[in-house]
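K.L.:
Sequence:
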Amino acid sequence: MKPSVMCVTREAITDNFSLTNLPNEHIHFMNREVVDKIPEVGRMFPQIIPVIAIKKDNKYLTYARNGAEGRLHGKRSMTVGGHIDISDTLGSDYKNYRPTIALAAGREVLEETGINHVFTYHDFNETIWIPDGDEVSQVHLGLVAIVETSQEIKPNEELADLQWLTKEELIHSISSYELWSQYLIENYLV
137 MKPSVMCVTR
147 EAITDNFSLT
157 NLPNEHIHFM
167 NREVVDKIPE
177 VGRMFPQIIP
187 VIAIKKDNKY
197 LTYARNGAEG
207 RLHGKRSMTV
217 GGHIDISDTL
227 GSDYKNYRPT
237 IALAAGREVL
247 EETGINHVFT
257 YHDFNETIWI
267 PDGDEVSQVH
277 LGLVAIVETS
287 QEIKPNEELA
297 DLQWLTKEEL
307 IHSISSYELW
317 SQYLIENYLV
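Numbering of the sequence shown is given in this note's numbering, commencing with residue 137 and proceeding in unit increments.
Since the hints were derived computationally from the structure, they do not count as laboratory data. On a predicted model such as this, the values are computed, not experimentally measured, just so you know. Positions of the beta carbon are idealized from the N, C-alpha and C atoms, including for glycine. Certain hints may be false.
Stated by the list, open to error - Straight line, CA to CA, 20 Å or less: simulated SDA-like cross-link-like pairs of lysine to any residue:
id : residue 1 : residue 2
1  : K195      : T285
2  : K191      : Q274
3  : K211      : S311
4  : K211      : K138
5  : K195      : E288
6  : K138      : N157
What the hints assert, rightly or not - Ranges of calculated distance between the beta carbons of each label pair, as one might list FRET restraints:
id : residue 1 : residue 2 : range
7  : H308      : K173      : 17 to 23 Å
8  : Q287      : E161      : 37 to 43 Å
9  : K173      : A296      : 33 to 39 Å
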């Protein structure tokens, strides 16, 4: 059984959505299988996902999807990250979700790339919310951070066919990327 994951009420997701002013009562930990498998519930309580683009020497890490999210297999991605499990709240103040998000992001980056990076919730200034997108996008809200690193990447098995690409190369091959990566390429890369 999958652990409960951090979700946010859909009513809290507005055009000026920000972690800084999000009241605690809009954050809930819900059974991941329920919010994944019952679209109506997932759309009412999107799962919060820290998504991190890794940048090194003016190039971004990209890879072919072959991990746990089978609905995205066959696409390329330029972000790492994942769900915020209820176990990420251990040792933290359950009522203050911001440090939990930062800890979960650091855990995910370390697990997927071997990069040790300490996040704060201030690192997540942008969001990806595409409620009319594909079935994965409809039930997730992405919190975006871009991390510059000089560390060597030690990818786990979920990251295949690693490539480092410039923004221009990403734009040229944008159609081969999952929807969130396309959104990131079009809106947030510098």
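K.L.:
Determine for every hint whether it applies to the structure shown.
P.N.:
Outcome of the hint check:
no., hint, in the structure
1, K195 to T285, "11 Å, holds"
2, K191 to Q274, "27 Å, violated"
3, K211 to S311, "9 Å, holds"
4, K211 to K138, "24 Å, violated"
5, K195 to E288, "14 Å, holds"
6, K138 to N157, "29 Å, violated"
7, H308 to K173: 17 to 23 Å, "36 Å, violated"
8, Q287 to E161: 37 to 43 Å, "38 Å, holds"
9, K173 to A296: 33 to 39 Å, "26 Å, violated"
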